[in-house]
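In order, the protein sequence lines correspond to chains D and Y. Read left to right, the first sequence gives residues 2 to 389 (the working numbering). Read left to right, the second sequence gives residues 2 to 389 (the working numbering).
Incorrect hints may appear among the rest.
Which copy is meant is left open, so a pair is good if it fits within one copy or across any two.
As the list claims (entries may be wrong) - In silico lysine to aspartate or glutamate, EDC-like type, Cα no more than 16 Å apart, as pairs:
| # | residue 1 | residue 2 |
| --- | --- | --- |
| 1 | 4 | 36 |
| 2 | 135 | 24 |
| 3 | 135 | 306 |
| 4 | 360 | 318 |
| 5 | 135 | 280 |
| 6 | 135 | 58 |
| 7 | 256 | 36 |
| 8 | 4 | 229 |
| 9 | 256 | 318 |
| 10 | 135 | 19 |
| 11 | 233 | 194 |
| 12 | 183 | 318 |
| 13 | 135 | 70 |
| 14 | 191 | 361 |
| 15 | 232 | 283 |
| 16 | 135 | 229 |
If you're looking for bench data, these hints aren't it; they were derived computationally from the structure.
Number of protein chains: 2
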Amino acid sequence: MRKVAIAGVGMTKFGASEKSLVELFTEAALEAINDSGIKPGNVQALFVGNCLGDFSEGQANIGGFLASELGLPPGVPATRFEGACATASVAVRDAFMWVASGFYDVVLVGGVEKILNMGTPMATRTFAMASDSKYEVFSGLTFPGVFAMLAHMYSVKYNIPLPKLKERMARVAVKNHANGAKNPLAQFQKEIDVDTVLNSAMISDPLQLYDCCPFSDGAAAVVLTTEEIAKKVIDKPVYILGTGQGSAGALGRQKDYTVMQSRIASARQAYDMAGLGPEDIDVCELHDCFTIAEIVASECLGFFEFGKGSDALETGETEIGGKIPINPSGGLKAKGHPIGATGAAQVYEIVKQLRGECKDRQVEGAKIGMTDTLGGDAGTIVNLILGI
Amino acid sequence: MRKVAIAGVGMTKFGASEKSLVELFTEAALEAINDSGIKPGNVQALFVGNCLGDFSEGQANIGGFLASELGLPPGVPATRFEGACATASVAVRDAFMWVASGFYDVVLVGGVEKILNMGTPMATRTFAMASDSKYEVFSGLTFPGVFAMLAHMYSVKYNIPLPKLKERMARVAVKNHANGAKNPLAQFQKEIDVDTVLNSAMISDPLQLYDCCPFSDGAAAVVLTTEEIAKKVIDKPVYILGTGQGSAGALGRQKDYTVMQSRIASARQAYDMAGLGPEDIDVCELHDCFTIAEIVASECLGFFEFGKGSDALETGETEIGGKIPINPSGGLKAKGHPIGATGAAQVYEIVKQLRGECKDRQVEGAKIGMTDTLGGDAGTIVNLILGI
């Protein structure tokens with residue numbers, strides 16, 4: 002298989018937007034195409050992630066409308082993916098294969114979501130569809146509840162008293178807000194402190210408001226191409242070195258939710274393909290939909306031993322400048338989480354980091370980066386390893 | 002790229018079902034796996050099409066739940082696709098690439114849909130989301146209206162008086178019901194005559210009830226593998242010789258809906274990849290969501306000159322035994338149309354035809370077959386060419 006390069010990236014500002022799904026995606030896609038130096042007419046296929054357009058705009062089958070808006074001709078296929086919050090990452094991994102295989106030389110891939118126009122009750126309900134509809138959603142479980150249970154399990158399993166764990170969880174939010182404050186595309190660009198989190202409204206015990214990522218509108222896009230073309234059109238191609246994807250069923254079928262098997266399997270695939278290990282990763286964008294989620298993810302990816310992930314919040318190892326900087330973009334927590342776009346936005350950040358274009362939030366000398374996205378109750382997990 | 006073989010196929014009976022999406026897909030998937038002679042533990046990835054599970058069951062992110070039900074381990078990725086009525090065909094084309102590229106040796110791919118529990122008004126509304134939400138759906142257009150306009154355009158453009166065209170359209174329904182009557186998995190297994198159509202309720206002028214395919218529940222699945230493995234496990238591998246996919250925007254951006262550019266481009270891709278032309282196709286399953294849709298599709302695929310497709314209904318050229326038998330399964334019209342499953346069900350029929358397993362509806366000596374699925378207003382089109 003051929004080496005696959007990322008020649009261009011684009012991303013809208015995350016947060017509330019008056020634009021439509023088509024308009025949002027087009028903004029990110031055109032930026033990515035311009036960034037790549039590849040002519041729009043050379044785009045051979047479009048892969049796009051979108052979760053809830055059916056609900057937010059009554060728009061399914063969105064691929065063709067996006068292709069049309071971008072002026073792509075009728076022979077350019079446009080494929081929509083949905084894997085809950087991992088949606089865009091699934092699209093990127095899939096697009097990777099179409100270039101790696103030699104079938105296409107230039108593909109556009111990304112994701113888009115509009116949530117805020119639905120309002121919080123409808124957004125919460127539609128997000129919950131990523132859990133098992135028959136047993137979980139039906140019994141009233143939504144994602145704050147899923148991750149609240151995870152926090153309790155983590156506290157008990159590793160014998161970390163809940164107040165101590167909550168403070169460490171709060172530090173995830175503090176770190177990611179500090180990073181987001183340096184990201185002009187982040188939804189929240191303000192620093193907070195531990196007290197901000199611990200004094201915020203209770204959402205689902207023990208998760209408080211600032212333990213939770215926001216609802217967001219936004220889009221992100223990436224142009225994938227061959228090594229040969231990338232070297233011609235841009236100075237600093239970033240390469241996709243490894244990809245992995247795992248799956249899982251309902252929570253009741255997962256033995257221990259603190260040790261997510263689908264994520265462990267996915268990460269191992271990506272590491273094996275890249276010929277790398279956790280110790281080789283210089284920067285990581287991972288799925289901090291809730292503060293506890295970042296801690297658990299950092300363990301499943303192998304950055305810390307199981308049960309030790311929360312310690313890193315006290316030592317600062319996951320801050321920019323630490324052993325393994327996590328979510329320098331601000332993460333889902335501060336950058337925002339337009340679910341169908343998040344995976345592509347993670348790729349955007351890692352590409353910018355590896356190119357050294359992140360200014361105040363730059364991880365100095367980063368050469369290898371990783372993304373991690375979780376859909377549903379770990380039902381869909383995707384990992385990508387990128388390098389220069 | 003490697004040659005890709007279809008080692009096994011499975012399909013539920015189409016029509017109303019009490020089973021859930023997961024149960025329906027599992028039934029088809031296990032049949033496909035058993036048919037293939039490949040052990041379930043050797044399935045390396047799952048690709049699945051589903052359009053409206055978010056609405057019919059409140060279930061998104063369905064891939065992981067299907068993988069779990071099938072007992073697939075957490076390292077097996079499960080990807081959901083949505084491209085309106087072309088959903089499952091997009092999944093098959095994508096799965097093809099993962100095997101052709103050499104990345105996976107055995108993948109399971111298919112589609113599933115439940116519609117009937119939603120009832121006709123909700124089904125009609127959710128189907129309409131595959132049209133442009135801002136201008137078409139918003140102004141009240143649903144698919145019977147889209148294809149009714151197509152029939153009027155066709156009548157005027159080719160100067161075929163509407164009564165004459167309507168009789169020919171009725172013959173599409175008569176033919177497909179005759180075929181469906183010989184298909185034990187078809188939703189409607191009864192023959193009708195021209196009067197049945199012309200005396201049925203008016204739906205959207207000039208389309209009457211029997212010009213329209215039904216709402217359906219159902220699932221279909223296919224096991225793809227390498228030529229080498231297929232030859233070991235089964236007697237008659239069928240190969241994917243060509244694939245194509247096209248896209249289009251809103252109706253208002255399509256110059257002439259009787260000459261669908263996305264379908265013409267898609268078919269050309271498939272023919273070119275296979276090194277074949279329309280004259281080489283022995284049997285075709287194409288997208289007869291409405292009777293006029295079959296006529297237009299048969300022209301876009303190159304079986305007849307533009308404007309001449311309806312003549313074939315008088316000469317019998319598209320019947321079993323004719324020049325190019327179309328929809329021997331009964332098509333969407335009689336076999337049924339569980340939208341997210343339809344593309345995989347078309348593949349099921351063509352595989353059975355090429356293996357010579359279709360009994361009363363067998364197209365004798367068929368060696369090359371083609372599928373064609375249309376999503377939305379031709380927004381997503383996929384064609385596959387299969388051969389032995």
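Up to 16 Å CA-CA - residue 283 versus residue 232, copy category
Answer is neither; intra-copy 23 Å and inter-copy 46 Å both fail.
If the cutoff is 16 Å on CA atoms, where do residue 135 and residue 24 land: within, between, both or neither? Let me know, please.
Answer is between; shortest inter-copy Cα gap is 12 Å, intra-copy 35 Å.
For the identical chains here, do residue 135 and residue 229 meet the 16 Å Cα criterion within one copy, between copies, both, or neither?
Neither: 49 Å inside a copy, 41 Å across copies.
Copy assignment of residue 183 with residue 318, given that the CA separation must stay at most 16 Å:
neither (19 Å within a copy, 68 Å between copies)
From the Cα coordinates, with 16 Å as the cut-off, is the pair residue 135 and residue 19 best called within, between, both, or neither?
This pair counts as between: shortest inter-copy Cα distance 14 Å, intra-copy 35 Å.
Given identical chains, is residue 256 near residue 36, meaning Cα to Cα at most 16 Å, within a copy, between copies, both, or neither?
neither (45 Å within a copy, 32 Å between copies)
Same-copy or cross-copy closeness of residue 360 to residue 318 [CA-CA at most 16 Å]
neither (20 Å within a copy, 68 Å between copies)
Since the copies are identical, ignore which copy is meant and state whether residue 256 and residue 318 lie within 16 Å (CA to CA) inside a copy, between copies, both or neither.
neither (29 Å within a copy, 58 Å between copies)
Copy assignment of residue 4 with residue 229, given that the CA separation must stay at most 16 Å:
For residue 4 and residue 229, the Cα distance is within 16 Å only inside one copy (9 Å; across copies 26 Å).
Alpha-carbon proximity between residue 4 and residue 36, which holds within one copy, between copies, both or neither at 16 Å:
Neither. Shortest intra-copy (20 Å) and inter-copy (36 Å) distances fail the 16 Å Cα cut-off.
At most 16 Å between CA atoms: does that hold for residue 135 and residue 70 within a copy, between copies, both, or neither?
between (38 Å within a copy, 13 Å between copies)
Please work out whether the CA atoms of residue 135 and residue 280 approach to 16 Å or closer within one copy, between two copies, in both situations, or in neither?
neither (41 Å within a copy, 49 Å between copies)
The structure fails hints 1, 3, 4, 5, 7, 9, 11, 12, 15, 16 (numbered hints given earlier, in ascending order).
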